[in-house]
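Chemist: Here's the letter readout for the chains.
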Amino acid sequence: MKLLMILLSLLIFFSEIAIAQEEYAFDISEIEKKPYHIGGYIELRPVLFILDKDSSLYKLRFYNRNEGNTVEEYNFTIQLDGSYEKGIFKLYTKINTDFQESYLGWSEETDLYEGYLSLKPSPSLTLEMGKKTLKWGKGYAWNPIAFVDRIKDPDDPELPLEGYIVASADYIKSFDGFLKTFSFTPVLVPVYDHTNSDFGRIDHLNFAGKLYFLLYDTDIDCIFLGGGSKTTRYGIDFSRNITTNFEIHGEFALFNEYKKVFINRAGSIFTTEYDATSYLIGVRYLTSLDTTYIVEYYHNGTGFSKSAMKDYFSFIDRGYNLYHSSGDDSLLKMASHVTKENYGRMNPMRDYLYLRISQKEPFNILYLTPAITGIFNIKDKSFFISSELLYNAITNLELRLKTTFIIGDTDTEYGEKQNDYRVELRVRYYF
Amino acid sequence: MISIVTILIAIIFPVAVHAIDSAQLLMKVDRNLNPESYESYRKLINIEPDGRKKEFVLFIIKKGQDKVTALFISPASEKGRSTLRLGDNMWLYIPNVGKPIRITSLQSVVGGVFNNSDILRLDYATEYNVEHMEEMDSSYLLYLKAKTKTVAYDKLKMWVDKETILPIKIECLTEASMLIKTIYFKKIKDFGGGIIRPSIIETDSPLYKDYKSVIIFAKVKRREFNDEVFTLTFMPNVGSLR
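Residue numbers (this note's numbering), protein chains in the order written: chain A, 1 to 431; chain B, 1 to 242.
Treat the hints with care, since some could be wrong.
Think about it this way: if two alpha-carbon atoms lie no more than 25 Å apart in a straight line, the pair counts; the simulated BS3-like pairs of lysine-lysine are [to be verified]:
1) B:K157 - B:K212
2) A:K34 - B:K221
3) B:K209 - B:K181
4) B:K219 - A:K34
5) A:K33 - B:K181
6) A:K131 - A:K120
7) A:K360 - B:K54
8) B:K79 - A:K34
9) A:K53 - A:K259
10) B:K145 - B:K169
11) A:K90 - B:K79
12) A:K120 - B:K221
13) A:K131 - B:K79
14) B:K219 - A:K33
15) B:K54 - A:K34
16) B:K54 - B:K187
17) B:K28 - A:K33
18) B:K79 - A:K120
19) A:K120 - A:K90
20) B:K28 - B:K209
21) A:K90 - A:K33
22) A:K135 - B:K99
23) B:K63 - A:K173
24) B:K63 - A:K120
25) A:K33 - B:K162
26) A:K333 - A:K259
Hints were generated in silico from the structure; no laboratory data involved.
Isolated chain B, as found in the complex (with noise of 0.2 Å):
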């Protein structure tokens, strides 16, 4: 009888049924992609059109659905920089200036493609809906939309491999559909305890044309934090968490 229902049900509201497996699916996107809570290593490499290139290393930890820090490491100009995003909140910590200042998800701290949203991102089901879903062949297609206009890009077009729900790509696009990057994942490898995620993460964007951006993960592993860790008066000790 009751399975009688849920088929009149899925028959009578397909969208609401679709939208539930869609959401379901981006949330395990997002757990394929990193543990809810999490250290890794990153370096993010601009490189331009002529081949030149700049790499930053960071040290980046992750508890729940809305506390990330990120750690300059490298280079030397700015080590010891630090941001911190609780919630819609994001700072900067610049050893120099000796206090976070608030700054804004769309600023950038490295300079190039990338902007502090990339660098301090959150679980996607944390910022976006998923307004539809197409299936193809072997991927899905999800049409993601944010929650608030606080997010960094209004609309998300994200490709999903079918076999290891991990992203394939995703189109990053303005209110207006206009687009502002591509990101490409690659490169699957096994990170142990039970992490297996794209390793490499590539970047155009048409407003930067012929220059590219790479992110690298390391160490990517399962780590508890302390709530106090996510704060502000607790950024210029980020490094003794390394």
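Pulled out of the complex, with its shape left as it was, chain A reads as follows (with noise of 0.2 Å):
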């Protein structure tokens, strides 16, 4: 019984070592560089929206079915990233699949969101050729200055994005002073039948570049676009810390010879050219008690009147009326094929206020990150505010739990949006 005591107080004193020793084990499989890369993640998101029937969009894309005061939409998506590395080459691919039950049923969508080649001759220069996202700008929620991305989802603003095929480099050059970084990024955007093709005008073979300077511990970018697609386009970006916890950035935007097609309420369609500025400035505050702010304005220069959205939300409503009345649903179709690319965009109207407040671990509790978004348009004074939980305690399962409220009067930009409440569940694991 003794010779068992002790036999078992050494297990334990050496399970107690193996604990211990275990506790901080650093294996080198872990930092071992294969040349390959497979990750990615899955994701559920199921959503509740609490729709608004006397909105002009409800009535735009509900007119001809009756869902209840509710529709409910699951959507499932695997993102999968790869690579392959073999020494001054790269293989990089993003494929996402976005599976999605709604009203509307069934529909499952694959795009490759990302697929290059990269070269890398030395650590000052990079080319690049295939599908990818350059993501220009220093704007949180919005980044005028993104000439060659798609337009990213303000209310989420860190999603991944689909690229466009182009070919690129980079060449970067250090320097000791007060400019301590200079690099040049070019990139070629051909856009033909089948490459690029929701790009702009086709058969164009177009020419972009950035070029960022550090100087004055202040990040610079200058940028362009041109060649034909698009109408020529001319940026420039800013972002410096005022102080360590204290950020400011800024971005305009200059369009040459913009054209903006508009309806008018009795349902003829013009368009209009003009040159056309776009600018963002904000800044980031984090405070002692670890809370960020987020505060932007954006005033979008391509963007509608307050006039000209309310001549929009009354042909909507005429095309209903007529559909009530005789069965007709031709100015719908009409109002649908004008909200593409244009009152459809996001953020269609002209000055918004971009409000972020989220606190770090709050209580201590770790891993813990609520917050409360709002975007403001300040122009016809409606507004959405979002509050969310975002906690990843667990290694690679990240939860978001988000809930958002849409406010506004009749013809203003979120008062007529289909839905009055959005509930959001977004369980995340990454591989």
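From the two separate chains plus the hints, produce the assembled complex.
Modeler: Below, the structure written as structure tokens:
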């Protein structure tokens, strides 16, 4: 019995040592570099929408169906990214597959988000060819100077985006002194029948470029795009830390001969052409209590005025009334047509304010980040506000619960959205 | 004659002589911890009061006085993230976001007790002046004061082992001398190439009671890098240096 007790004590003693040692184990296999990599995430995202049956966009989308007061949507996403590296070559790919079950039925869409070959003959030079995102600009919610990117969702600006097929290079030079870094990124954007055909007018080889300077501890980018698929545009941005916890950033974009399509309340479609300027100014501030504030003001020079939006909503109402009196949906179909790329784009009006307040680990609850986000349309005084809880205590598992309230009067951007509220749960597992 | 003058100066200006010694001691601590330019791998472990752990593995490179960059190797949710520090400028690159954003030294990219400046730490002598030094039986106690307001911790109290000239313990304090965290240097290991330094750093904080953070070092070695590697434009490519 005594022997058994000694053996048991020894077992406990050694197991404690083993645990203590295991606690600080750093297996060399964890840092071994393999030439290939496969990773990504799977995501489940059920969403509940509470509909606003009086809104114009509800009428446009639901005029010929009755879905009740709420609609549910179940999204399942698989995003795979892989790479293979040998010497100065690297092959990279990112594929996104979305499955969706909604009131419209079941759908599946697979897109190659990125897929390019990278050649790095020296740390100063990188050459890349294939489909990729460039993500130019310093703004968090909006990037008016991201001329070679798809428009991101300001409600979820960190979502991955699909790229365009480009050929690009990065040349970097470092210095001592007030100019610390200079880099030049020339980009070729071919737009043909089956290549980047959604970028702009086809049969053009477009040329874009970015000059980057780290000058007096300030990031500065000068950007341009020309070539015919879109009108020529120029941009400049900056970002700088005023203090360790206070950052300021801005963007300015000039769109030469910008063409805007709009519709009047009678249903006539017009095109106007003008030189448009868009700009953004923002700050990021971190308090001593780990609260982060992001505030941005965005002027969208390519956007619609309050009266132009009112005309658009009035036209939809006219089409809806016609459909209900005669069954003729031609006006609504016309409204749907002008909605795409015009009134239906993200934040189609002119002046917006973005605010995000996030609190890291409140009450010392590790890995929990609650946040409140709002976008306010300054001109028509409509807005949305969302609250979210992000929790990632379990390695590679991220949980996010988000509730959004969409508020505005009649004939305002958010007042005429098809939903009043939205509740969304996102469960994402990385592998 | 010269030595008499030196002795006289030392008697008249003992503080000045002392300051030079302590500053040199701090520089010696820096060089004993790391070569000026090096690469290393680190595992960061956040340990919760109930024993649950969250681990991060990073590849870290540093050049000269003010250039350091870190790349997350694992877990999968963080893989490919990189952070760059160029003097007082700090950026974070998240592959999904696709562009580097400016961050602050106090922000935490991993959660828990670690903040960015713990991960992207420059030499102590680059960021701090020695205000004064106390000599004890087997160690020196250095009182360090941040050179600028941009440094994450305004004051440090650093206990340095007399024999190895390596830190034993550091207390990180606010300007008002409030303790933010205590760092313990443990398990001295020979990494080769003349680099003999603590291989484990433990951190606790009164702000996170009963939580503990640990950094384990591996493969610390001298390496020279081009300056261009420490630029915003290069951030997505840091992995190619491994």
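Chemist: All hints are to be evaluated individually against the structure, with a verdict given for each.
Modeler: Against the structure, the hints:
A hinted pair counts as satisfied when its Cα atoms are at most 25 Å apart, and K157 (chain B) with K212 (chain B) qualifies at roughly 20 Å. Distance check on the hinted pair: K34 (chain A) and K221 (chain B) sit about 20 Å apart at the alpha-carbon level, within 25 Å; holds. Our distance criterion of 25 Å between C-alpha atoms is met by K209 (chain B) and K181 (chain B), whose separation comes to about 10 Å. Taking the CA atoms of K219 (chain B) and K34 (chain A), the gap is near 17 Å; set against the 25 Å cutoff, the hint holds.
The hinted pair formed by K33 (chain A) and K181 (chain B) fails the criterion: a straight-line CA distance of about 34 Å is larger than 25 Å. Annotation: proposed proximity of K131 (chain A) to K120 (chain A) holds, straight-line Cα distance about 17 Å (limit 25 Å). Among the hinted pairs, K360 (chain A) with K54 (chain B) is consistent with the structure: their alpha-carbon atoms are about 17 Å apart, no more than 25 Å. A threshold of 25 Å between alpha carbons decides the hint, and for K79 (chain B) with K34 (chain A) the separation of about 14 Å falls inside it, so the pair holds.
Using a Cα cut-off of 25 Å, the hinted pair K53 (chain A) and K259 (chain A) is violated, with the two alpha carbons roughly 33 Å apart. A distance of roughly 16 Å separates the Cα atoms of K145 (chain B) and K169 (chain B); the hinted pair therefore holds under the 25 Å criterion. Simply put, K90 (chain A) and K79 (chain B) have alpha-carbon atoms about 17 Å apart, close enough for the 25 Å limit, and the pair holds. Between K120 (chain A) and K221 (chain B), the direct Cα distance comes to roughly 24 Å. Compliance with the 25 Å bound is thereby established for this hinted pair.
A C-alpha spacing of about 21 Å is found between K131 (chain A) and K79 (chain B), which places the hinted pair at or below 25 Å, so the restraint holds. Our distance criterion of 25 Å between C-alpha atoms is met by K219 (chain B) and K33 (chain A), whose separation comes to about 13 Å. Annotation: proposed proximity of K54 (chain B) to K34 (chain A) holds, straight-line Cα distance about 23 Å (limit 25 Å). Using a Cα cut-off of 25 Å, the hinted pair K54 (chain B) and K187 (chain B) holds, with the two alpha carbons roughly 22 Å apart.
Restraint check: the Cα-Cα separation between K28 (chain B) and K33 (chain A) comes to about 33 Å, which exceeds 25 Å; the hinted pair is violated. Distance check on the hinted pair: K79 (chain B) and K120 (chain A) sit about 21 Å apart at the alpha-carbon level, within 25 Å; holds. Taking the CA atoms of K120 (chain A) and K90 (chain A), the gap is near 8 Å; set against the 25 Å cutoff, the hint holds. A distance of roughly 33 Å separates the Cα atoms of K28 (chain B) and K209 (chain B); the hinted pair therefore is violated under the 25 Å criterion.
The suggested pairing of K90 (chain A) with K33 (chain A) holds, with an alpha-carbon distance near 14 Å, which does not exceed 25 Å. For the proposed pair K135 (chain A) and K99 (chain B), the alpha carbon gap of about 6 Å is at most 25 Å, so the pair holds. For a cut-off of 25 Å, the pair hint linking K63 (chain B) to K173 (chain A) stands: about 16 Å separates their Cα positions. Pair hint K63 (chain B) plus K120 (chain A) holds up; C-alpha atoms about 21 Å apart against a cutoff of 25 Å.
A C-alpha spacing of about 39 Å is found between K33 (chain A) and K162 (chain B), which places the hinted pair above 25 Å, so the restraint is violated. Between the alpha carbons of K333 (chain A) and K259 (chain A) the distance comes to roughly 22 Å, so the proposed pair stays at or under 25 Å and holds.
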